[in-house]
Amino acid sequence: MADPRWKPGSQGRNRGASSGSGRAEAFWGQLTNRLDDWLAFEPDGIILAFSGKVELGTGVRTALAQIVAEELDVPFERVRMVMGDTALTPNEGFTAGSMTIQASGSALRNAAAEARRALLQMASDLLDAAVEELEVRDGTIAVSHHPDRTVSYAELIGGKRFNREVTGNAPLKRPEEYRLVGTSVPRLDIPQIVAGQHGFIQDLVVPGMLHGRLVRPPSPGATLVSIDETSIRDLPGLVKVVHLGNFAGVVAEREEQAILAAERLAVSWEEKSALPGNQNLYAYLRLQPTQDNVLVDTGDIEARLNRAAHHLHAVYEQPYHAHASVGPSCAVADVREGQVTVWAATAGPYPLRGALAQLAGVPNDRVRLINVEGAGSYGHNGADDVAADAVVLSREVGRPVRVQWSREQEFIWEPKGPAGIMEVDGGLDENGQVVAWDYRIWSPSHASRSFIADQLLTVHLITGQPAPPMPFAFGAERNARTNYAFPHQRVTVHYLANSLLRTSAFRSLGGTENTFANESFMDELAAAAQVDAIEFRLRYLNDPRAQEVIKAAATRAGWEAHPSPRLKRSQDGQVAFGRGIAFAQYENDQAIVATIINLQVDLTSGEVRVQDVVIAHDCGLIINPNGLKNQIEGNVIQSLSRALKEEVRFDQTRITSVDWESYPILKFTEVPEIEIILINRPHLPAVGAGEPSTVTTAAAVANAIFDATGARLRRLPFTPERVKAGIEQML
Amino acid sequence: MSGELVIRVNGKPHTVQAAPETPLLYVLRNELGLHGPQFGCGLEQCGACMVLVGSEAKNSCKLKVSEAGQAPITTLEGLIEDGKLHPVQRAFIEEEAAQCGYCINGMIISTIALLLKNPEPSDKKIRAALDGNICRCGTHLRILRAVRRAAELMWGEAEV
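Those sequence lines, one after another, are chains A and B.
Note that this note's numbering gives residue 667 to position 667 of the first sequence, counting from 1, and the numbers run on in steps of one.
Note that this note's numbering gives residue 10 to position 10 of the second sequence, counting from 1, and the numbers run on in steps of one.
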């Protein structure tokens, strides 16, 4: 019997894209049911497992190998993952949306089960014993009562193909039988990382490779007026200056020569003052045309709000965020004789292959895209665009070219995590019960993935045309709905047709700002009702799993029931202490998270110091507990950084967040202790953990600041100036 | 001008081919094929490119190779002796102190420089010593645990 926890050949849920349109395939890949596409058994006992997903620094390479080794009953060390190479691996679209374990893990698990069944059948014939009499240990099949009658996987299939389909009905192991899944197998790649031998994309050397650097416009929308190639004529090692529309770059023999040439190349640009500046961001966004989607409407909301004993209204704002990968984007391309080979840290090898084939003017099958790991991306950063830059430069010089962006180029030109405005109205009756909830979000599409050439920055620069609007708006609906059972509610998503800055997927898409708003507003309602924040939430949560997650966090944090704000003060009255909770179920049906934050606020400076974070996390079956904790810690720290510090700044013309001083992130001296409670559900599906623990942080901080000071902060980030202003308003 | 400059890297002399004003980082990465140090910002703001110059952790992204002088330069690769990892490297493995791993070079180099100066640093001192090293993945707590374990491994072994 097939195990319902792992759907056969599942490539993930269909999200936002209608199936059959081709768009779903572009995003999530194409199914293959050929067993040989997923697994290959080498004569020496090594098993290659092929995944179309890629490692983005989250440890999925290790987790997927665990799943394969588990289902095949082979030692973990014998499984080698081959990931994200269009010449070798299945097309699994983008590595995104915390979907790798669900999609690729499920597909590989079924493939491994199918292989095991086929191998047992072969062994049955060879050993002249019924399948039921056989047992597998470490990749060797033996007859139960005749341990000398054995045959290994390698002897049966090593170097040969199965030539059969993954049916999805091969028997799967029961969780009780697991020996690898659920254990903290050490990450495969850390020994190489600490030795400087990981082989990042930035480290790749291709024979005959030249070095390229780009000369970007000083601001989005600027146009190239003139370029003076003689300005760098005398520089040593210069191979070529490339100039196509607003795209300019240099190619040189050595990296430092390319850097110097790019710095010195005299280019004059005409800039436009087309930006509103940070101060006017939200007013500007309100004026943009929208495409609207009502996710739920139980009717008669206005009337119910008007009749409510208390009517609360609040507006929350999230600025643009930068992925801010610590390693600027890098790629190598080799374009020769109509053949294109590209090494890139892309999250979507197959989709990017299509886009680069369009750019290079060749059919898809003349492009090979090989994923090589880069610095963490947390979504869609500059990895695809730099690959296109490398293709253009390599085509111009007929040799392989390595390109790396500068720090400033990374900050200015990476697609940004989208800004958003969230507005909520809520009504309470005289008993403090929620009688109506009306939620609206305004935000641009959260995905502009490069599956067509027109989505590539390189192409925008060459043609002078901005990216076309995405065929479907996407992302802002994520977690716009809460999991609370309100009797009457309406949730509306206003996708902004114009995104001021180019945006794309950044860790958790709409989940971040929607949960910030929803969970802040829940806290506002609880305070208005003078009810403890946890008690108030539990009233509206029917799911026992959700309740258990909240209670687990509360118990560990030593939560004392009391309505906020408690306004706890230090003896000298200068410091306020507060605690806040936020809860979410990612995308309403995925991992469940509750975050409790204790912090202190310096009432004079407005500075917030987070003391500790307690987080309870239920993502179903846990594959690798330590790997999962690593992900959760990372999510908490990164989202805390976004909540307290991060905002992409710009004036009327230029993006002014260009380095680590103008876009500061959380540092070692500011990182709190984090206590993680993992709730394992061995009999439930393993769902993704790459993003869910990001979404609750901002609201937990805002709620804790309110508990400490009585000031309600609704605009991110919570800088000392904003906190101070909030406190002063209270006086 | 090339061919005259000699630097000492990982215990061996190396005649530099690059122009003297070239930042050390590119000489290490491209001439010597040492991929421990990474380009992160080119502004001495993030620490990804750190190397040990003598026993000091220094950013190599702006340090002109001509100014590196004769002090011995050590990269991650040079910490490995007879195939055996340095205790700080081992501590990072044992604590699984990496996500994407791009910043880890600088973390390890900073840790070694700290522990050479201060064998038993307090938590506060460790955090202060690493404050110039940026990690975007949020691996900070594991890195802190790795530094504490490294201190035990480094001096524990020395005493044996």
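Any given hint could be a false lead.
Ranges between beta-carbon positions, derived for each pair [to be verified]: (1) G156(B) with D612(A): 48 to 56 Å; (2) E548(A) with G156(B): 35 to 43 Å; (3) L48(A) with I80(B): 25 to 33 Å; (4) V6(B) with E263(A): 21 to 29 Å; (5) V6(B) with P218(A): 39 to 47 Å; (6) G33(B) with G361(A): 31 to 39 Å; (7) P75(A) with G156(B): 25 to 33 Å; (8) D131(B) with D612(A): 13 to 21 Å.
Think about it this way: if two alpha-carbon atoms lie no more than 27 Å apart in a straight line, the pair counts; the simulated DSSO-like pairs of lysine-lysine are [as the list claims (entries may be wrong)]: (9) K64(B) with K12(B); (10) K667(A) with K62(B); (11) K117(B) with K84(B); (12) K12(B) with K645(A); (13) K240(A) with K62(B); (14) K724(A) with K645(A); (15) K64(B) with K117(B); (16) K667(A) with K645(A); (17) K724(A) with K667(A); (18) K12(B) with K62(B); (19) K645(A) with K568(A); (20) K62(B) with K117(B); (21) K64(B) with K240(A); (22) K645(A) with K84(B); (23) K12(B) with K117(B); (24) K667(A) with K124(B); (25) K724(A) with K568(A); (26) K551(A) with K568(A); (27) K160(A) with K173(A); (28) K12(B) with K667(A); (29) K117(B) with K667(A); (30) K12(B) with K84(B).
Hint data in this document are derived by calculation from the structure and do not stem from the laboratory.
The structure displayed is predicted, hence computed values, not measured ones.
The beta carbon of each residue, even a glycine, is placed where N, CA and C say it ideally should be.
- Does the Cβ pair E548(A), G156(B) satisfy 35 to 43 Å? Given a distance of about 42 Å, which is inside 35 to 43 Å, the answer is holds.
- Query: Within a Cα-Cα threshold of 27 Å, do K64(B) and K240(A) meet the stated pairing?
  - Reply: At roughly 26 Å apart (the allowed maximum being 27 Å), K240(A) and K64(B) satisfy the hint.
- Message: Please verify whether K117(B) and K667(A) have alpha carbons no more than 27 Å apart.
- Response: The given pair, whose Cα atoms are some 22 Å apart, holds under the 27 Å limit.
- Item | Distance restraint between K62(B) and K117(B), which requires alpha-carbon spacing of 27 Å or less | Status holds; Cα separation ~24 Å.
- Query: Within a Cα-Cα threshold of 27 Å, do K12(B) and K645(A) meet the stated pairing?
  - Reply: 44 Å, violated
- Query: If you draw a straight line from the CA of K12(B) to the CA of K667(A), is it 27 Å or shorter?
  - Reply: Not satisfied, since the Cα-Cα distance of roughly 35 Å exceeds 27 Å.
- Message: With the threshold set at 27 Å, check whether the alpha-carbon distance from K64(B) to K12(B) stays at or below it.
- Response: Holds, at roughly 19 Å.
- Query: Are the Cα atoms of K724(A) and K645(A) separated by 27 Å or less?
  - Reply: 15 Å, holds
- Query: Within a Cα-Cα threshold of 27 Å, do K117(B) and K84(B) meet the stated pairing?
  - Reply: Roughly 23 Å between the alpha carbons, so the hint for K117(B) and K84(B) holds.
- Query: Is K667(A) close enough to K645(A), meaning Cα to Cα at most 27 Å?
  - Reply: Judged against 27 Å, a Cα distance of about 11 Å means the pair holds.
- Query: When you check the alpha-carbon spacing of K667(A) and K124(B), does it fall within 27 Å?
  - Reply: Distance ~13 Å between K667(A) and K124(B) Cα, so the pair holds.
- Could you tell me whether the CB distance from P75(A) to G156(B) stays inside 25 to 33 Å? 32 Å, holds
Hints 1, 12, 22 and 28 from the list above are not met by this structure, while the remaining hints are.
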